[in-house]
Each structure stands twice: as C-alpha cells, then as structure tokens.
Amino acid sequence: MKAAILIRVGAALAVAVLAAAPAWAHHAFAAEFDIGKPLKLQGVVTEMEWINPHAWIHLDVKGPDGKVTSWMVEGGSPNILLRRGFTKKSLEKGTEVVVEGYQAKNGENRANGANITFKDGKRLFLGGSSPEELPQAAK
Amino acid sequence: MKSFAFLTILVSAVGVEAQNPKTYTPPKTSWGDPDLQGVWPGTDMVGTPLERPRNFGTRNVLTDEEYAQRQNRAVNQANVDSQETVNSVTRCDPSRGGLGNTPTTCSNGVSIGPPLYWDDRGKPNRQASLVVDPPDGRIPPLTAEAQKLQADRAAARRARPCATVAGGCHDSWEDESLWDRCITRGAVGSIVPNTYNQGNQIVQAPGYVILRNEMIHETRVIPVDGRPHAPSGIRTWMGDSRGRWENGALVVETSNFNGRDVIAGTPVSDSIRLVERFTRLGPNALEYRLTVDDPKTWTKPWTVSFPLRRDGNYTLYEYACHEGNYYMYNALTGARKQERK
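Here the protein sequences come in this chain order: V and B.
With our numbering, the residue at position 84 of the first sequence is 84, and numbering never jumps.
With our numbering, the residue at position 269 of the second sequence is 269, and numbering never jumps.
Simulated from the structure, these hints should not be mistaken for laboratory data.
Even glycine gets a Cβ: it sits at the ideal position worked out from N, Cα and C.
Among the hints, erroneous ones may be present.
[To be verified] Derived DSS-like pairs (lysine-lysine); straight-line CA-CA distance at most 27 Å:
{"id": "1", "chain 1": "V", "residue 1": "Lys93", "chain 2": "V", "residue 2": "Lys67"}
{"id": "2", "chain 1": "V", "residue 1": "Lys122", "chain 2": "V", "residue 2": "Lys88"}
{"id": "3", "chain 1": "V", "residue 1": "Lys89", "chain 2": "V", "residue 2": "Lys40"}
{"id": "4", "chain 1": "B", "residue 1": "Lys337", "chain 2": "V", "residue 2": "Lys40"}
{"id": "5", "chain 1": "B", "residue 1": "Lys337", "chain 2": "V", "residue 2": "Lys67"}
{"id": "6", "chain 1": "B", "residue 1": "Lys341", "chain 2": "V", "residue 2": "Lys40"}
{"id": "7", "chain 1": "V", "residue 1": "Lys119", "chain 2": "V", "residue 2": "Lys89"}
{"id": "8", "chain 1": "V", "residue 1": "Lys88", "chain 2": "V", "residue 2": "Lys62"}
{"id": "9", "chain 1": "V", "residue 1": "Lys88", "chain 2": "V", "residue 2": "Lys119"}
[Claimed, not checked] Among chain B residues calculated to face chain V with C-beta under 8 Å, some are:
{"id": "10", "residue": "Trp118"}
{"id": "11", "residue": "Cys182"}
{"id": "12", "residue": "Gly282"}
{"id": "13", "residue": "Asn284"}
{"id": "14", "residue": "Ala320"}
{"id": "15", "residue": "Glu323"}
{"id": "16", "residue": "Asn330"}
{"id": "17", "residue": "Gln338"}
[What the hints assert, rightly or not] A short list of chain V residues far from chain B (calculated; beta carbon distances all over 12 Å):
{"id": "18", "residue": "Ala31"}
{"id": "19", "residue": "Asp34"}
{"id": "20", "residue": "Glu49"}
{"id": "21", "residue": "Gly75"}
{"id": "22", "residue": "Arg83"}
{"id": "23", "residue": "Gly94"}
The shape of chain B in the complex, shown without the other chains (with noise of 0.2 Å):
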C-alpha cells in the first residue's frame, strides 16, 4: 500500500532559526488570537523516514558521522535526479532507489518507473525518525484484532487468481488505493512529509482556523469556538476537527472519521482519533506534532513531530487529481487484456 512509507532519508533540520517556545510569543491577530497565518511546506522533511531503524534506539538525533551520510545522500540523489537520460547502468541500479528502479521491474536496462525527479526531495537534518512516541520512534503493534483482519485480507487477496499475475490485482476500481482513486491521502496522509506537494497554508478568521493542504487540495475548517464535535453519526474522510489555544499552541482533536482510510499501510477503524498540535517556535518555524490514537488497530498511541517552514515565495498549486486520471482506465484495461491472453 502506498500510504506513507516515507523511506529514504534526507530532511532538513528544523529551522537553525527555530528559538525556545518558551520565549517566543507569536503575534496575535486583530481579535486576539494566536496568529499562525502562512504558507509552511512540509516539502524538507520529505525522505525522513518515518520509522527510525531499530538500531538507533531511543536516539532521535543523528551523530555527526549519520549525518554526513545523510548529506552524502542528498547529494548523490540530486546529481541522479538531475540526469533525466542516465546511462544503461546506472538508469536501473537499485541504489538509485525508489520510482520503480528495481532489478524486477528494469528491462534492457529501462527502469518501468517514472523518473526520479516527479519527487520533491527533502534537506538533510539530523531528525532520525517523524515517530517520536513510542521512545524507539517505531509504530506500536498492531492489536490482536486487527492482526487477525490483516490476516484475514491477505488470506482473501492469496486467494483470487489475480493474486499471481504481474501487476497485481486490477479486477475494479476498488483495487486501486484511496490514492490512485484520487479519493484523499486523509488527514494524516495529507500533512506527513512525503513525494510531492507538501504546500500547507493556515488561514484564521474569528472563531476559525483553516488549515489547506496542497495534497489532493484538501481544506479543514477548524472551529475554535468552543462548539462540541459532530453527532457521531457524522462520518467523513477528513473527520471532524474542533481546536483551541494552550500558550499560544493549535491544538486540534479530530474525529468522527469514516474508517476507511490507510495510515502507514494499515487500513485504520472509525474509532481513530487525532490530537495535533501547532506550535509556533519562531517567526517562521513551527513545530508540528500528531499524535494517532486507534485503539482497534494499534495497542497504544504513537506521535510523529516535525518542523515545518514558514515560505513566503511557495505557492499552492491547485491539485484536481482527478481531472485526467488515466491510470485508472489503463491499469483496467491492461489487466482485462492481460486476462485474455
């Protein structure tokens, strides 16, 4: 599934800017609130990843050497990102990672991937993992229920004929993730650094905060009027959002979700919920912090936190993925051909 597997590494480091929340107070807006009003691009922590390898431990932070390696990285990605036509050798050398460049799905030495630079690229930091709770950075197990539904899925895709033809399965649309539908990345995968068009902009308004996200161009209308949450009958994709102000902190608790979507490749229950936590450190650095609370899927809470960067020259795209998605027919169609062979 391609929720967010966000692997690789590179990132940038929280503002060198970023200053001590404690000190710094953010302005207010005319009626009096918090002001967090820009444009903040998650785009420099795309390739964090967002499980910190085991080794690491409870260390977030990467040691000199780590992040000389991490910036080796980065340059080495870029100089291979700014080869569109690469030679036969290394166009399909695994190392180049992602995109398809794997021996399996390379032929005469043409990776069957998009080229590596349809992806933003983050700035190396030395933030080892976006999980930060549990202390090992690594999301909780899963709870015996939904282990048994994993099981219980795969066990059903084992069994369909399509199971072993190449490409997977494509008998409907139904087969395609919420994100090649163009349905939504959620609210978790919308705002997690990852791919491309990592645009965020909050917009405040008395009693509001608007919070977009350039993924899939998603809006979230927060009261911050005190108001309770939806009748629980309420389901959406995005849930239901309700914030308030701690010293100066967003904080908003989401819920009321329909239960369909996938976070980190494990498709969740309609008892998710999300506190998230805007935290201005500096004028132009924020602290992010997202803490998911499933008490069906996963056996505890866990937290993913990251700086984001206030950018006054970035601009939010319009993102109408569904207006020409052709990946749709022609996964079908190709798969129906393939049938008939």
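Chain V on its own, in the form it takes in the complex (with noise of 0.2 Å):
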C-alpha cells in the first residue's frame, strides 16, 4: 500500500469480526474491502468499466512525492446506475474526483467508494446541484 498516496481518514479501528452483509446486498462489501484500511483518494478519471455486476471506475491519483499511482473503485451495476441518471457523460475522462471508501483487503489498489464527489464538492449524481445545499459536514 503506497502510504503517500492515501490520506488516512483516522487511526484504524481494530477489525472486529463482522456482522453478516444485509441480506440482499448485492455481495458481502466486508469480505471485498478492509474496515481497517480507510482511504480518501483525490484523482483523475481515466476510464469507466460499464461491466455487471458492478462498473469500476478507473483512477490516477497523484501522490505529494508526485508518483501517480492507478486505482479502481467499484461503482454500482450499470444498470441502476443508468436508471439514477448517470450516463457516460457524468464521469468523463479527466474529471477530478474526490472518492472516500476502504481499500480492499488484498492491498491491492482498488477500494470501494462510499463516497463519490467532484473536486468542488458537487456530488456525482446530483452534479448539477449546488454545493451550498450539501450538509455543511459534507462540503
């Protein structure tokens, strides 16, 4: 794990064993990614995977050292994601995207994303709203 890159959200919080995934989530998230290993990612889209069950989405984020570092954060299955608006033209190559999630547990570079926003604090499904209507915790 490229320490440089990830801004520690807080001291980890020793891995309980954890309660079964809700019934009818798609997969068990606590198996794919580590509660231990929280990650915010600030980075440039280079692709998006529109692939089932879950589209990924493909990230270069630079470090403070200014090695760039490639990630991929699993998004939900293209077709709800179409049905919530989200188009090709939402996550354009190039967009700058701030992703707050947990790393996954092989330590490779790919992580799950919570929380998907745009450099301004735009959120990504509601990219036309305004900043100024997110809670002030969010901005």
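Please dock the two separately framed chains into a single complex, following the hints provided.
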C-alpha cells in the first residue's frame, strides 16, 4: 500500500468479527474491503468500466511526491446507475473526483466508493446541485 | 444468505387502475390466446417485506396510520439516497438501513457498504407482506429433515477455522453465494421484487409464453400446448415449466429443479415445485401469484402474491453478470492475504 497517496481518515479500528452483510446486498463488502483501511483518494478519471455486476471507475492518483498511482473504485450495477441518471458523460476522462471508502483486503489499489464527489464538493449523481445544498459537514 | 429477505417497507399499491378480474377480459393474440404481452416491472414492490410482522396476524392491509408511516419512510429514504455525500453523523446511522450501514461496518464515519443509491426503491403501498398464504404471512416451519440439514450445515461452518475471521469464509468459490457467483437468482428470486433489475417481460408465440427476467437476464420458454414435463432426469436451475390457460389467466407449473437453489435464505430440495398464476386485472395491471411447494423443506406450501404494473417506458437492459465479476477475485485474494498475516 502506498501510504503516501492515502489520506488516512483516522486511526484504523480494530477489526471486529463483522456481522453478516445485509441479506439483500449484492455481495459482502466486508469480505472484499478492509474496514481497517479507510482511505480518501483524490484523482483523475482515466476510464469507466461499464461492466456487470458492478461498474468500476479507474483513477490516477498523484501523491505528494508527484508519483502517479492507478486505482480502481467499485460502482453500482450499470443498469441501476443508468436508471439513476448516470450516463457516459457523468464521469468523463480527466474529471477530478474525491473518493472516500476502504481499500481492498488483498492490498491492491482497489477501493469501494462509499462517497464519491467532484473536487468542488458537488455530488456525483446530482452534479448540477449546488454545493450549498450539501450538509455542512460534507463540504 | 442473500437470496431474498426483502426487508424494509415501501411499495406500490396494485394499480389503482386494477379492475375486478371477473369483469376484465384480456385481449386475445391473433391466434386466440389471452394476451399478456408487455413489460411488467416489479420495481414498485421492492421493499415490501417478504414476511409479515407477527403482530399483524392475518391482516395484510396497512391501516391509514401504518400506511402514512410507510410513506414517511419512503420520503426519508429518497432524501438519504439523494445525499450520496452525507455528513459524518448520518452516513453511518443504522436507521438509514441496508447496504452495510451498521455500527459494525462503519469506521471513521464512512460506511464500508456501497452507497444507498445502488438499489431501486419501491413505492409505498398498503400490502403488509408478499406472503399471502399461510394467512399469517409467514413462511411455514421447516420440516424435521430440513432442520437437521440446516443444523448440520451450521455446525460444519462453525468448525472451519475461517468461521471466526472478519468477513467470513472465502476459501473457494463455493463459499460465495449463487448471486455472488452470477449463476442465477433462481425462478423465484428472479421475479420476487428485490434490490434492482426488476424488469419482467412477457412475449407470446403460438404454443409458447416467454418470460424474461432482467435480473441475470433469465429467459424461460414455457410451452402452453399441453405437452408433458421433461423426463425427471432433466434437472436445471430454472426448472422445467409448462403452462395452461384458466379463465384468461396463465397458470405455469414448474418442476425438475436441480435442488441447488436457495429461497428466502433456505436451501431447497430437488422436490420443489412451483405454481405461478398470471392474471390480468386491467390494461396495465397484472396479479402475480406464486406457490412454493417443497415437501422436503417446508411443512406446507406457501404463496406470495403481488401486483405488476405494465410500463412501456421501462427498458430491460442486458445484465451479463459474469463479465467483470471482480468481487470473486477480491474476496478470495483478500482472504488469502488475511491468512498470511
């Protein structure tokens, strides 16, 4: 793990035995991602994989030392993303985004995207919404 | 297990346009069969509980007050869903429900689960549960045989070293559910409203009805020409269906399952048989009724029923679930990494 490019959100919690994932979730996120590795990534979109069962957003993340590392961030099913108004233009190459989530347990540069926002704080799915509408703590 | 535990609430009333089936006569196809063709999503019913809370007894219709509560929850849910970036207080609030937002899956105010907008939401309705029979809306008890099977499986799970590992056992692909493996959600799980991809389409041809489910793009080709079932040695995930017309309704009997499906969290046997009834109630309203009969698993049959609403604007998208299933790789390699620690 490239600590330099991760902005630790805080001290990692001890890993507890997690409750089973919700019965209707698509898959067990606690199996895929490490709750002990919260992260915040700021990067540039290089590719959006519209694949099933989950889309993946590819990012280039530049560390403080200028070194660029590639990351993959898991998204929803393409079908539901489309129905929620997400299109090919929503995350074009070169778009800067901020991702809060957890790193993959296998230690690779993959993460879930619990929160994804544009650099200016606008929400991904309501890109036209004013940041002023966001709760204060989210800005 | 994930199969379907359609928790929460919300849902849509069967169409207000629903008409008395005794007075509604569906149109006919050019070859004379009742015409059920169209796209009939079950999305409105996502969120209706599968089983009824015990305190409802045999009442399956919400009171005005309960209905108002359900409407309020839908408004709150929509509000939360639209706040993909939420503040540190609300983002891990268990009351948001689902998708990993529980105290044990939150760290530093960020849920380990996916965002809530990854799921479809239904519309509030007055139906208390999808299960309508037994009259208490509860799936009947397991047979003694099924109870022993479940207890044996649970004991075997507990005996494995991985049983106490965070995230559970991921020793091989066989530890992942049929859903995670993108194999199937089964004949029941593909149509009973749950999560997303709830599009259903009926297409007819002389002697056949074709039922498409968007979830894992299942397609069942159902002969309605009176032919017998396939020989008992033919066993499949979606079973072998035969249909017939009864007073304008399509009745489909399905058997020859491979016995490897999981329904409502319970592994079923290869003796399971399904009887489905599709009854048009109006131009855009259809009642779907499904009876599950697995004498090796449940002490008696049980039935779910819910409305489907025709929506000509709904598109069934392809859902080629296997094409990029990184989950399998991530879960198995993650578990191996954890073992080496």
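Tested hints:
1. This hinted pair checks out: Lys93 (chain V) and Lys67 (chain V) have alpha carbons roughly 19 Å apart, not beyond 27 Å.
2. Distance check on the hinted pair: Lys122 (chain V) and Lys88 (chain V) sit about 18 Å apart at the alpha-carbon level, within 27 Å; holds.
3. For the suggested pair Lys89 (chain V) and Lys40 (chain V), the alpha carbons sit about 24 Å apart, so the restraint of at most 27 Å is met.
4. Annotation: proposed proximity of Lys337 (chain B) to Lys40 (chain V) holds, straight-line Cα distance about 22 Å (limit 27 Å).
5. Annotation: proposed proximity of Lys337 (chain B) to Lys67 (chain V) holds, straight-line Cα distance about 26 Å (limit 27 Å).
6. Between Lys341 (chain B) and Lys40 (chain V) the alpha-carbon distance is near 24 Å, which keeps this suggested pair within the 27 Å criterion.
7. Only pairs whose Cα atoms come within 27 Å are accepted, and Lys119 (chain V) paired with Lys89 (chain V) is accepted, the gap being roughly 16 Å.
8. Taken as a hint, the Lys88 (chain V) and Lys62 (chain V) pair is honoured in the structure, with Cα atoms around 24 Å apart against an allowance of 27 Å.
9. Only pairs whose Cα atoms come within 27 Å are accepted, and Lys88 (chain V) paired with Lys119 (chain V) is accepted, the gap being roughly 19 Å.
10. Below 8 Å, beta-carbon pairs count as interface contacts, and Trp118 (chain B) has one with chain V at about 4 Å; its hint therefore holds.
11. A distance limit of 8 Å between C-beta atoms decides the matter here; for Cys182 (chain B) the minimum to chain V is near 6 Å, and the interface restraint holds.
12. Because the beta carbon of Gly282 (chain B) sits about 25 Å from the nearest beta carbon in chain V, more than 8 Å, this interface hint is broken.
13. The interface hint given for Asn284 (chain B) is violated, since its Cβ lies 20 Å from the closest Cβ of chain V, which is over the 8 Å cut-off.
14. With a cut of 8 Å, the hint placing Ala320 (chain B) at the interface with chain V holds, because the nearest CB-to-CB distance is about 5 Å.
15. Look at Glu323 (chain B): its Cβ gets to within about 5 Å of chain V, closer than 8 Å, so that hint holds up.
16. The closest approach between the C-beta of Asn330 (chain B) and any C-beta of chain V is roughly 4 Å, which is under the 8 Å cut-off, so the hint is satisfied.
17. Because the closest C-beta pair between Gln338 (chain B) and chain V is about 6 Å apart, less than 8 Å, the hint holds.
18. At roughly 4 Å from the closest C-beta of chain B, the C-beta of Ala31 (chain V) falls inside 12 Å, breaking its exclusion from the interface.
19. The non-interface label for Asp34 (chain V) is inconsistent with chain B: the shortest C-beta to C-beta separation is roughly 7 Å, within 12 Å.
20. Distance to chain B contradicts Glu49 (chain V) as a non-interface residue, since its nearest Cβ pair spans about 6 Å, not more than 12 Å.
21. Here Gly75 (chain V) does not stay apart from chain B, with its beta-carbon only about 8 Å from theirs, under the 12 Å limit.
22. With a cut of 12 Å on Cβ distances, Arg83 (chain V) falls inside the contact zone with chain B, its closest approach being about 7 Å.
23. For Gly94 (chain V), the condition that its CB be more than 12 Å from all CB atoms of chain B holds, with the nearest at approximately 21 Å.
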